[in-house]
Amino acid sequence: MTKTNPGNYFEDFQIGQVIRHATPRTIAAGDQALYTALYGTRFAVQSSDAFARDLNYAHAPIDDLLVFHVVFGKTVPDISLNAVANLGYAGCRFLAPVYPRDTLSAVSEVVGLKENSNGKTGVVYVRSTGYKSDGTEVLDYVRWVMVRKRDAGVPAPDPVIPELPKALAADALGDAVPLLDIEAWDDDLSGSPHHFEAYEVGEKIDHVDGMTVEEAEHQLATRLYQNTAKVHFNQYSEGKGRFGKRLIYGGHVISLARALSFNGLGNAFHIAAINAGRHVAPLFAGDTVFAWSEVLDTATLPGREDVGALRLRTVATKDRPCTDFPLKDSEGNYVEGVILDLDYWALIPR
Amino acid sequence: MTKTNPGNYFEDFQIGQVIRHATPRTIAAGDQALYTALYGTRFAVQSSDAFARDLNYAHAPIDDLLVFHVVFGKTVPDISLNAVANLGYAGCRFLAPVYPRDTLSAVSEVVGLKENSNGKTGVVYVRSTGYKSDGTEVLDYVRWVMVRKRDAGVPAPDPVIPELPKALAADALGDAVPLLDIEAWDDDLSGSPHHFEAYEVGEKIDHVDGMTVEEAEHQLATRLYQNTAKVHFNQYSEGKGRFGKRLIYGGHVISLARALSFNGLGNAFHIAAINAGRHVAPLFAGDTVFAWSEVLDTATLPGREDVGALRLRTVATKDRPCTDFPLKDSEGNYVEGVILDLDYWALIPR
Amino acid sequence: MTKTNPGNYFEDFQIGQVIRHATPRTIAAGDQALYTALYGTRFAVQSSDAFARDLNYAHAPIDDLLVFHVVFGKTVPDISLNAVANLGYAGCRFLAPVYPRDTLSAVSEVVGLKENSNGKTGVVYVRSTGYKSDGTEVLDYVRWVMVRKRDAGVPAPDPVIPELPKALAADALGDAVPLLDIEAWDDDLSGSPHHFEAYEVGEKIDHVDGMTVEEAEHQLATRLYQNTAKVHFNQYSEGKGRFGKRLIYGGHVISLARALSFNGLGNAFHIAAINAGRHVAPLFAGDTVFAWSEVLDTATLPGREDVGALRLRTVATKDRPCTDFPLKDSEGNYVEGVILDLDYWALIPR
Chain A
14 MTKTNPGNYF EDFQIGQVIR HATPRTIAAG DQALYTALYG TRFAVQSSDA FARDLNYAHA
74 PIDDLLVFHV VFGKTVPDIS LNAVANLGYA GCRFLAPVYP RDTLSAVSEV VGLKENSNGK
134 TGVVYVRSTG YKSDGTEVLD YVRWVMVRKR DAGVPAPDPV IPELPKALAA DALGDAVPLL
194 DIEAWDDDLS GSPHHFEAYE VGEKIDHVDG MTVEEAEHQL ATRLYQNTAK VHFNQYSEGK
254 GRFGKRLIYG GHVISLARAL SFNGLGNAFH IAAINAGRHV APLFAGDTVF AWSEVLDTAT
314 LPGREDVGAL RLRTVATKDR PCTDFPLKDS EGNYVEGVIL DLDYWALIPR
Chain B
14 MTKTNPGNYF EDFQIGQVIR HATPRTIAAG DQALYTALYG TRFAVQSSDA FARDLNYAHA
74 PIDDLLVFHV VFGKTVPDIS LNAVANLGYA GCRFLAPVYP RDTLSAVSEV VGLKENSNGK
134 TGVVYVRSTG YKSDGTEVLD YVRWVMVRKR DAGVPAPDPV IPELPKALAA DALGDAVPLL
194 DIEAWDDDLS GSPHHFEAYE VGEKIDHVDG MTVEEAEHQL ATRLYQNTAK VHFNQYSEGK
254 GRFGKRLIYG GHVISLARAL SFNGLGNAFH IAAINAGRHV APLFAGDTVF AWSEVLDTAT
314 LPGREDVGAL RLRTVATKDR PCTDFPLKDS EGNYVEGVIL DLDYWALIPR
Chain C
14 MTKTNPGNYF EDFQIGQVIR HATPRTIAAG DQALYTALYG TRFAVQSSDA FARDLNYAHA
74 PIDDLLVFHV VFGKTVPDIS LNAVANLGYA GCRFLAPVYP RDTLSAVSEV VGLKENSNGK
134 TGVVYVRSTG YKSDGTEVLD YVRWVMVRKR DAGVPAPDPV IPELPKALAA DALGDAVPLL
194 DIEAWDDDLS GSPHHFEAYE VGEKIDHVDG MTVEEAEHQL ATRLYQNTAK VHFNQYSEGK
254 GRFGKRLIYG GHVISLARAL SFNGLGNAFH IAAINAGRHV APLFAGDTVF AWSEVLDTAT
314 LPGREDVGAL RLRTVATKDR PCTDFPLKDS EGNYVEGVIL DLDYWALIPR
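Residue numbers (this note's numbering), protein chains in the order written: chain A, 14 to 363; chain B, 14 to 363; chain C, 14 to 363.
If we strip away everything but chain A, and leave its shape as in the complex, we get (with noise of 0.2 Å):
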């Protein structure tokens, strides 16, 4: 029997069905040294001990994204191996904030199947869930790939689809935050004097500057949060491939457009939930990342006068600029040089 990992194909997944993850992965202060180098992030709470402190974490936060890529990466093995698309994710909560020398796993349950009409491949719907090794949930989420079938013979499973929200509403955000002293939060420091109160919704931003990637870059990061999918890494097989090179991992882009919005959401210093997601196009090295994000919604938090809530849609483009926000045409397709529509919820002092 072989003793590599063939993956799981569509039959193998069933409803109900919870895969432990491997491999825990202990996060230290190196590993953010490394995720600010890679995207050059700039937010406060995540960038220094002090100013986090001052506001009342125990010390500064790894970066909200470093976690969701180190989660997501350890679920690859299982259950994207033989994936023939990443179809999207949502309902994504942070839980709970994670500090240097905390350790990470994952398990995953799978909460919808969908064989597809041809009868060669199908819709796996799995929750995603990270948590330390005292068990504290920090991060969950939903992701649906098509995954192939091994056997196209195999008889399709009843068709579950998980009722999924369009966004995650108020109450279920701020949990990865403490209560803050927010009379310390210091807008010198954070480099915005923004605040809640000053953003609008419908307000659109060009986060003006822009990030060109190399493919040493896009490696380096993915084999960080030790994520093995085999199109991120193999020039031999690619460039064979559908687009002769390899293709950058979607969350790579995500965090490059995060990067790029401390230009103007300085403030907004922590995604507390991921409502959806999609990668509208592929990247590749040597193209240049820009963003802008428009104000979708704003909301308080239950019970917290010291943080609100921005819904943001942050658009991520590869070499086009973001001057006049280009996103879709007037068919409703996006137009050309959209990378990633993200909707996301980010907290702010108020």
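Hints in this document: simulated from the structure, not taken from any laboratory.
Any copy will do: because identical chains look the same in the list, a pair fits if it lies in one copy or spans two.
Derived BS3-like pairs (lysine-lysine); straight-line CA-CA distance at most 30 Å:
no.	residue 1	residue 2
1	K243	K217
2	K162	K258
3	K16	K133
4	K16	K341
5	K243	K258
Remember, it's a predicted structure, so these values are computed and weren't measured experimentally.
With chain A held as given, fit chains B and C onto it using these hints.
Frame of chain A; chains B and C shown alone:
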């Protein structure tokens, strides 16, 4: 009102103005690891807790230039976002050792202003100071940049040009180095048998080795320092610009030259001051950096028997080995290939 | 007298000579983070404090090969700066776990010398030992290199060739692994259900995945190890040389092959010894590395019920998948594409 940072224009600066910069940054051992990977630095004091402790440090201090780059990076969004040119720096002193887990912030005071005769730009002089969260100052230096005016019609301010020392005096050196138990200095471990007395004024040293720079490397470095200057990251816009390619952060060249200088200056473990620095020509990815040094002066430090100071000129070149110590031609112009002319004081055991 | 390091020539080495190497190096969690980003290694013991502690480690140990590379790097300026070729290594044992904040140093003893018949070069054999600042030995190995003579006229020394074991005996293994509470081993978290008993002598495993190497990656890695061998960094000189490009450090290939081998050897968590290693052909940036392994032998360890040892041959190739286990042709020559032939003992839970 736009929420993106437009940066300051010449008329936004006033003499005596104090600017507190974002983003505070906790420096960890992971930053030092990445710094080592970026430059291959081998000075024993910064590399080894055991070596440093034997000498009387608390443990291995963070590399001097990593401290410089982090402080410098913070000043960029406020001082040089609308800069036409970075003209120089002077009088840079290292004031206290920085250890892993220290948090660095920066503040700048405007100490000089002089509008150019064209009425469209002016020179801004700032004294920038890096400090720890407990207020300890770790670094200060003056730099001057040519900045655009937003509105050419605004009248010129009275010109103020600060007096800058050509070189720091010996009694201004050594604050970042505790009094060392110099008997514990181990030449085998430090990698060089040559102490203070072995170096003579006028002596020139070819550092022999060359280091080729990749795009991913200088981008990782510059983001590690949270330096947001656009020219380093955006191939989309730089491809249309003067050079057709991304410009490498000048500080990256300084760190490369310093790391190369280990071969010949292995015991010159600490940069105590930077007297002056000039970036003679730009560096681009694919270029190979070489370096050589001349001993300009030597000095003992008042009240210290443990270390002496070498005033060094370190010259870096690109795609040009330094066996013949390239510098200037007979007319006083830098010869082809020279990219950096750096004048600094380094401490070395006596 | 020149202050740059000229390196040692063949006639500078004498039997019994002991060389203490620069630069001591404190290994931090940040080094391990960077190592993970460079190779994507996923062995649970080195990745997770919680996993390692449950087994009886103090916490997650530093990756064995990171320890090897750091120790090896120190020996380069003294042993192989004037080397024509790195001929081989043997008898490498891992002697104690290395944890974050340990400081590593290295010392080498000359154990063999044999001048070549051309009178211009000779082979130098050294036993190099890595140790912590408290004196604990963590690693030792023999390597032999062909080194130039400074002066062909110097008479040849009496030839001494050390006896080297073909493979280490089982009782020499396991010193770097505390006695484990093996009941705590969790196959879901480790990523493999296969323990010692599941592997059979003669079994071959294709590790399936491929990893393309970029210049920035191998340069970052080799500088992280403070390995100064010129051929890895200097495109200016290498561009004029035999290959026209920079040569990748052989240890980078070993680490890539080891990381790829997780797919099939996920529980083989520790390299206990390297019996022999041969770099069959050079690797260059842009090449894609694949790997396969054969089980050469299995052994129980005297007095230990927790772990057993697999003697493995891991073969790495470039731009050649390993489905057919490429190795040698009918005449005993390595086939096109093979770059590494490594013989080592790995420990795995029983």
